[in-house]
Amino acid sequence: MSGNRLIWFHGRECPHCRKLAPLVDQFEAETGIRLERLEVWHNDENAKLMRSLAAVIAPACGGDLGVPAFYNEATGKAICGGRIDMPKLLAWAKG
Amino acid sequence: MKRLWRCHVCNDVHWGNAPPEVCPTCGATNSFVPSDLGEALEIIGRDHPALDDREGVLAAWQWFSDQSPTVRLTAKADEMELLCKGVLENLRTKGQRYCPCRLPTGDREKDEGLICPCNFLRQPTFKETGECWCGLFVRRGTQ
Ligand code: SF4
Ligand SMILES: [Zn+2]
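So the sequence lines, in the order shown, correspond to chains A and B. Using numbering that gives the first Met the number 0, the first residue of the first sequence is number 0, and each one after it goes up by one. Using numbering that gives the first Met the number 0, the first residue of the second sequence is number 0, and each one after it goes up by one.
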């Protein structure tokens, strides 16, 4: 199942995700790199995928499966939390 | 092991490893006896109001905030409303008032730690930023 996607796991009722959305838009506009946005509270398939990546994502989120979480399929690296900024996003995307 | 206890004086119900020495409701000493779910439900009443609407959830959060010397509710009302929606959505779809920013795993014991408010004081995020994972509760004196 590991491809080359850059995935953003987000939640519809998560304030950090809402605040982060414009930054992700800006990231996509500036780099031309597209993120796959997967909502995990209202979509069981997406939640299942996120749970299957728990070994990588949970440690990045301080122990639980939190959102906003970003997972790079190519590198297997994850970043997580409300304090993500452009440099962090770039470093994660470029591996 | 946690279990249910009942004060034989005032029928206060307690869930824990051991009962309180002094009943917090009637003040009687060494008044608790082992109880069970049937008895406790009988005492509590099956019509005990559910915390399943916006007013109930916000009031519970406010109560928690008001009595805490260390943390308080966020001042960002729009975020609080959004989180309240998320918690109620989780109650409806996942059966419990789970954290709106962390995904339940399906492991009941683990997920007990995700009922809002959780024990966020031990989260690395709280230690670093003074906010719970979702930013619902913040350390007093910040912001
Ligand atoms: S992190 Fe905050 S919003 Fe989430 S369960 Fe804990 S107290 Fe509630
Ligand atoms: Zn009592």
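Simulated from the structure, these hints should not be mistaken for lab results. Ideal placement from N, C-alpha and C gives every residue a C-beta, glycine not left out. Heads up, some of the hints might be wrong.
To be verified - Distance windows between CB atoms, simulated:
no., chain 1, residue 1, chain 2, residue 2, range
1, A, P58, B, T69, 25 to 31 Å
2, B, L40, A, A28, 52 to 58 Å
3, A, K76, B, R45, 38 to 44 Å
Claimed, not checked - With a Cα cut of at most 20 Å, we get these calculated SDA-like pairs of lysine to any residue:
no., chain 1, residue 1, chain 2, residue 2
4, A, K47, B, K75
5, B, K93, B, G55
6, B, K75, A, G75
7, B, K84, B, D52
8, A, K87, A, K47
9, A, K47, B, T104
10, B, K93, A, N42
Hint-by-hint comparison with the structure:
no., hint, in the structure
1, A:P58 x B:T69: 25 to 31 Å, "27 Å, holds"
2, B:L40 x A:A28: 52 to 58 Å, "57 Å, holds"
3, A:K76 x B:R45: 38 to 44 Å, "50 Å, violated"
4, A:K47 x B:K75, "32 Å, violated"
5, B:K93 x B:G55, "18 Å, holds"
6, B:K75 x A:G75, "35 Å, violated"
7, B:K84 x B:D52, "9 Å, holds"
8, A:K87 x A:K47, "26 Å, violated"
9, A:K47 x B:T104, "9 Å, holds"
10, B:K93 x A:N42, "12 Å, holds"
Violation of the numbered hints given earlier is confined to hints 3, 4, 6 and 8; the remaining hints are satisfied by the structure.
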